[in-house]
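Q: Go by the hints and put chain B onto chain A.
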Amino acid sequence: MAAVPEEARGLPPPPLLNKMSAWLGGAGWMAALLANGFSQRPLLTAGVHRQVLLTTVGWFAGYFLAKRTQYVHAKKDREMFEYVRHHPEDFKTAGKKRIGELLEDFIPIR
Amino acid sequence: MAAPPGRQGAAGSALTARPCDKMAAALRAAAGLRLAGPGHGLVFTRSAFVARKNNYEHPNWFGVGLAFSTSAALWALLFKQHNEDVMEYERRKEASKHKCTGCS
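Protein chains in written order, with the working numbering: chain A, 1 to 110; chain B, 1 to 104.
In case anyone wonders, no lab produced these hints; they're calculated from the structure. One thing to keep in mind: the hints can contain errors.
Calculated pairs, DSSO-like style, for lysine-lysine (alpha carbon to alpha carbon, straight line, at most 27 Å) [claimed, not checked]:
#, chain 1, residue 1, chain 2, residue 2
1, B, Lys93, B, Lys80
2, B, Lys93, A, Lys75
3, A, Lys92, A, Lys19
4, A, Lys75, B, Lys80
5, B, Lys97, A, Lys75
6, B, Lys99, A, Lys76
7, A, Lys92, A, Lys75
8, A, Lys19, B, Lys99
9, A, Lys19, A, Lys75
10, B, Lys53, A, Lys76
11, B, Lys93, A, Lys76
12, B, Lys99, A, Lys75
13, B, Lys97, A, Lys19
14, A, Lys76, A, Lys97
No experiment lies behind these values; they were computed from the predicted model shown.
Bound-form chain A, shown alone (with noise of 0.2 Å):
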């Protein structure tokens, strides 16, 4: 697939129901609900196999659209982590001041 280079394989696959499938699924049928409306059809019940077809085309490239946003984000975040790695001077961690620190001192007045 163009859209996914080979080394992608490496990741686990998104699952068959994901978001995005989900949500271009979505959208095909309301693409097809919505050329009934301007076709003068009924609206749920006319040209059944219009929505299948497009409910299909949606999930399909919804799941390989989710594959590769997978890839995209997680070659960014080896980018920057492997970064990180080899800058350990700019981003040490600010040593964490204990409560006894942060108090003032207690001088009892009696």
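A: Leaving out everything else, chain B in the frame of chain A:
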């Protein structure tokens, strides 16, 4: 809900205009803009090639069959691709266990 006879030409004054008269006037305007379809609604789709009324008594069974078979083929392709992806991922995971993990 037809307008009563004798009111064909007049849009009706504000005193005598009723909802059905307003609708009749809107449909006449829509007909002038070629937007009115049979019944009460607006129609936005027209064929660019042939002017033809849709005949819903004779479905385009070839088109229906093509759409369903394409959908089935796409689903089959999707399941196949997903299973291949899962197997490839598992295979690479097993393979990477035998390699050293010193660098990321």
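Q: Look at each hint and say if it fits the structure.
A: Hint check:
no.: 1; hint: B:Lys93 with B:Lys80; verdict: holds, 20 Å
no.: 2; hint: B:Lys93 with A:Lys75; verdict: holds, 18 Å
no.: 3; hint: A:Lys92 with A:Lys19; verdict: violated, 37 Å
no.: 4; hint: A:Lys75 with B:Lys80; verdict: holds, 26 Å
no.: 5; hint: B:Lys97 with A:Lys75; verdict: holds, 21 Å
no.: 6; hint: B:Lys99 with A:Lys76; verdict: holds, 24 Å
no.: 7; hint: A:Lys92 with A:Lys75; verdict: holds, 24 Å
no.: 8; hint: A:Lys19 with B:Lys99; verdict: violated, 34 Å
no.: 9; hint: A:Lys19 with A:Lys75; verdict: holds, 21 Å
no.: 10; hint: B:Lys53 with A:Lys76; verdict: violated, 55 Å
no.: 11; hint: B:Lys93 with A:Lys76; verdict: holds, 21 Å
no.: 12; hint: B:Lys99 with A:Lys75; verdict: holds, 21 Å
no.: 13; hint: B:Lys97 with A:Lys19; verdict: violated, 31 Å
no.: 14; hint: A:Lys76 with A:Lys97; verdict: violated, 33 Å
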